[in-house]
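**Q** Sequence:
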Amino acid sequence: MLPLKGKHGVVISKIPVMQSGLGGVMVRHFPEYELTFCRSIQELTLLQLRRASVVVADISGDYRNPRGTLEQYYGLLNQYRDIHWIFLVSRPLYPLAVELLMRPESTLLSDMEPIDGVINAIRTGSERAERISQTLLMPDTPEPEDESESFIALTHSERKVLRLLGKGWCINQIATLLKKSNKTISAQKNSAMRRLSLRSNADMYAWISSTQGMRELSLISAYGEFEEWKRPQQQDISPSSKIA
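Position 223 of the sequence shown, counting from 1, maps to 223 under full-length UniProt numbering, and the rest follow consecutively.
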């Protein structure tokens with residue numbers, strides 16, 4: 001039987017690219033953690049909650065019934081006070097998140113939080129981490145109307161590879177779909193990362209999930225649509241959504 005105590009973490013997000021990005025951050029900076037992944041709070045199991053010392057939950061896209069979702073988290077916060085709950089919150093949900101999720105055991109981060117902010121929140125733990133990140137407290141800054149200067153000239157092949165990665169595909173599956181070798185697909189991914197000045201896979205997934213990345217890769221229309229974002233059956237890193 002697996003021990004209940006130890007370094008265990010849960011990542012919750014309905015968006016594959018967000019799961020991959022957060023998972024990449026955890027694997028790279030906190031290799032001592034054993035991770036499990038869920039698409040929603042409904043997939044959480046009792047064993048996951050009993051084992052977890054940190055839960056990172058992306059609630060930025062829960063717009064259909066936000067209060068209902070946050071009230072479910074509120075109930076879990078009251079039951080599992082030994083867990084450090086880290087919530088990624090979009091600005092429209094910020095007031096509701098403050099109302100329902102602000103607890104000594106929780107930290108609210110922006111869904112646009114720099115990677116360092118997520119790392120620091122996990123590293124410092126619930127006792128010393130900021131309750132609300134400075135990024136979330138900053139006022140909105142209007143986007144420039146002319147975005148031509150920020151346009152990234154990715155090739156068609158690079159764009160296609162990043163788009164499939166953003167939808168949860170792995171290198172092997174992309175190579176099979178495009179009838180190319182794994183080496184070719186990896187080279188196209190690395191070439192795109194160089195063009196974007198990205199140093200790691202975590203940086204790449206953070207860019208893909210950003211507003212600019214979603215727009216550049218034509219992923220905005222797919223945001224939140226289950227069929228469009230559905231993962232393929234096999235993964236090179238296949239996090240289980242549940243613990244048996």
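Keep in mind that the hints were calculated from the coordinates and are not lab data.
Using N, Cα and C, we set each Cβ at its ideal position, and we do this for glycine too.
Take these hints with a grain of salt, some might be off.
Straight line, CA to CA, 25 Å or less: simulated SDA-like cross-link-like pairs of lysine to any residue [unchecked claim]:
#1 K14 <-> G168
#2 K180 <-> T211
#3 K179 <-> T211
#4 K160 <-> I132
#5 K14 <-> G68
#6 K160 <-> S186
#7 K7 <-> P31
#8 K167 <-> K183
#9 K7 <-> S40
#10 K183 <-> T211
#11 K160 <-> Q134
#12 K14 <-> K179
#13 K183 <-> G68
#14 K14 <-> S181
#15 K14 <-> R39
#16 K160 <-> T124
#17 K7 <-> R91
#18 K160 <-> M193
#19 K189 <-> R28
#20 K183 <-> N201
#21 K160 <-> M138
#22 K160 <-> E105
#23 K14 <-> L164
#24 K167 <-> T155
#25 K14 <-> T155
#26 K179 <-> R194
#27 K167 <-> I132
#28 K167 <-> E105
#29 K160 <-> T135
#30 K7 <-> K183
Simulated restraints, written as ranges between beta carbons of each label pair [to be verified]:
#31 R123 <-> A187: 29 to 35 Å
#32 V98 <-> R64: 17 to 23 Å
#33 T124 <-> K180: 15 to 21 Å
#34 Q72 <-> G125: 40 to 46 Å
#35 Q72 <-> L177: 23 to 29 Å
#36 P114 <-> R64: 39 to 45 Å
#37 E32 <-> T184: 30 to 36 Å
#38 K180 <-> R215: 36 to 42 Å
#39 R123 <-> G68: 28 to 34 Å
#40 Q42 <-> K180: 17 to 23 Å
**Q** Which numbered hints does this structure break?
**A** When the structure is compared with the hints, numbers 2, 3, 4, 10, 11, 12, 13, 14, 16, 17, 21, 22, 25, 27, 28, 29, 30, 33, 34, 35, 36, 38, 40 turn out to be violated.
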